[in-house]
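Enquirer: What follows is each chain in one-letter form.
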Amino acid sequence: MIKSKFFKIFLAFAAVYVILTFSIPPDPAALERFGISALQSRLLSLTIVVPLILIWWAAFYGVVRLCHYVDLIKGSPDGEPLFRIAKGLTVLAISLPIGSILSALLNYIGRTSPDLLPKTVIVNNYISISMVLLAVVLISLGARDLVNLVNKKPRLFHRVLPLAFFSIVGTAYVVISLTNEYRVQPNPITGRATHYLPDLPFITTILIPYLVVWLLGFMAASWINYYSRTTKGVIYKKFLKLFATGLVAVIISSIAVQFFVRLSASLSLGPLLLIVYLLLALISAGYILIALGAKKLQKIEEV
Amino acid sequence: MTAETKLYPQVVKVTQDYLGPAAERFIARQIETHLKKKPEELTKEDLAKLIDWVKIAIALLTEDGKTVDDFTESLLKLAGKKK
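Each protein sequence line maps, in turn, to chains A and B.
Each position in the first sequence, counted from 1, maps to that position plus 1173 in my numbering.
Each position in the second sequence, counted from 1, maps to that position plus 531 in my numbering.
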């Protein structure tokens, strides 16, 4: 039932994205800039569409396997926290295709109706931050509740380390964001500003929420790592380790993708795309590990 | 609480060293499925049969023979205390 529902949702997203990508006419300015034909542009699109859809599939597969496991243990002390984490991962998984579809639409609208471009960029940013914030709040609440199951408080190191990572990433983001000269005015090369918002609304509705997302994300990763190393059960811990490693990979890679995409105005396109695709591949590897871990944990509930 | 009614929690406690939070669910399921009784009704006479089923189940979860033997040994000690 769960598998069928998620499979249909995945197929729907994939179909919408493929139809959008191949029905939207290529940008004439881009064809001229890169010296390629419309057919070559379509073939290039395939090199983006196929890996992206595979990444979404990995994410949906991980979520399906985890939901199967969580369904078996609901009502148990560890069931509720893992259910919250599963909900958060589901939101994160769904945000991947939604982000790509919105970007494709945004690019097209920006090209055909330049006066609508600022509004579409703002809407896209708000949808992205809302989904990511919801996902990370759910995951961090679940992770905190898992740690509460262990009768040992995390040592100072486990509390300081995520704060240290957050300080580095957060400071870099704040400095680069607020010194970005194309945050409101369009970049002459791309024709687009980063967010089109004046500083005060940008700080209160985009910058601070992203800082909250990253702080909660680093805390959640630390808590999950701590839980997987301190919980009882030699066999249980071995299976949980796969799941925990995958979950930490998904959280950290998601933070990294958001960080680099938010700073896209400050980086050149080639390296940025390479970094983002590598991180997306890492996210899908994380979801596969989550699936493998959930499958093994499920076996404990079935023998 | 009699010695008999304490038996189930003791079995769960031993199992937690191997299955952590899944221990209680695992033992309850073995008792209900193979011994056809409620977990709290577990008696010392049931322990030998329960240990046989638990050994089979644990062997399906791990290839580490030592872990299986250690777990079985811990449960057998429990049976030995009750004799």
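Don't take every hint at face value.
[Unchecked claim] These stretches of chain B come out as covered by chain A in the derived footprint (C-beta under 8 Å, 3 or more residues):
| # | segment |
| --- | --- |
| 1 | 540-549 |
| 2 | 564-575 |
[Unchecked claim] A short list of chain B residues far from chain A (calculated; beta carbon distances all over 12 Å):
| # | residue |
| --- | --- |
| 3 | Lys537 |
| 4 | Ala554 |
| 5 | Arg556 |
| 6 | Arg560 |
| 7 | Ala579 |
| 8 | Asp595 |
| 9 | Leu607 |
| 10 | Leu609 |
| 11 | Ala610 |
[As the list claims (entries may be wrong)] Which bits of chain A does chain B cover? Going by a derived footprint, with three or more residues having C-beta under 8 Å, they are:
| # | segment |
| --- | --- |
| 12 | 1240-1253 |
| 13 | 1358-1372 |
To be clear, the hints were calculated from the coordinates, so they are not data collected in a lab.
Built from N, CA and C at the ideal position, the CB exists for glycine as well.
Enquirer: For each hint, tell me whether it holds in the structure or not.
Expert: Verification of the hints:
no. : hint      : in the structure
1   : 540-549   : holds (count 3)
2   : 564-575   : violated (count 0)
3   : Lys537    : 20 Å, holds
4   : Ala554    : 7 Å, violated
5   : Arg556    : 6 Å, violated
6   : Arg560    : 8 Å, violated
7   : Ala579    : 19 Å, holds
8   : Asp595    : 8 Å, violated
9   : Leu607    : 18 Å, holds
10  : Leu609    : 17 Å, holds
11  : Ala610    : 21 Å, holds
12  : 1240-1253 : holds (count 4)
13  : 1358-1372 : violated (count 0)
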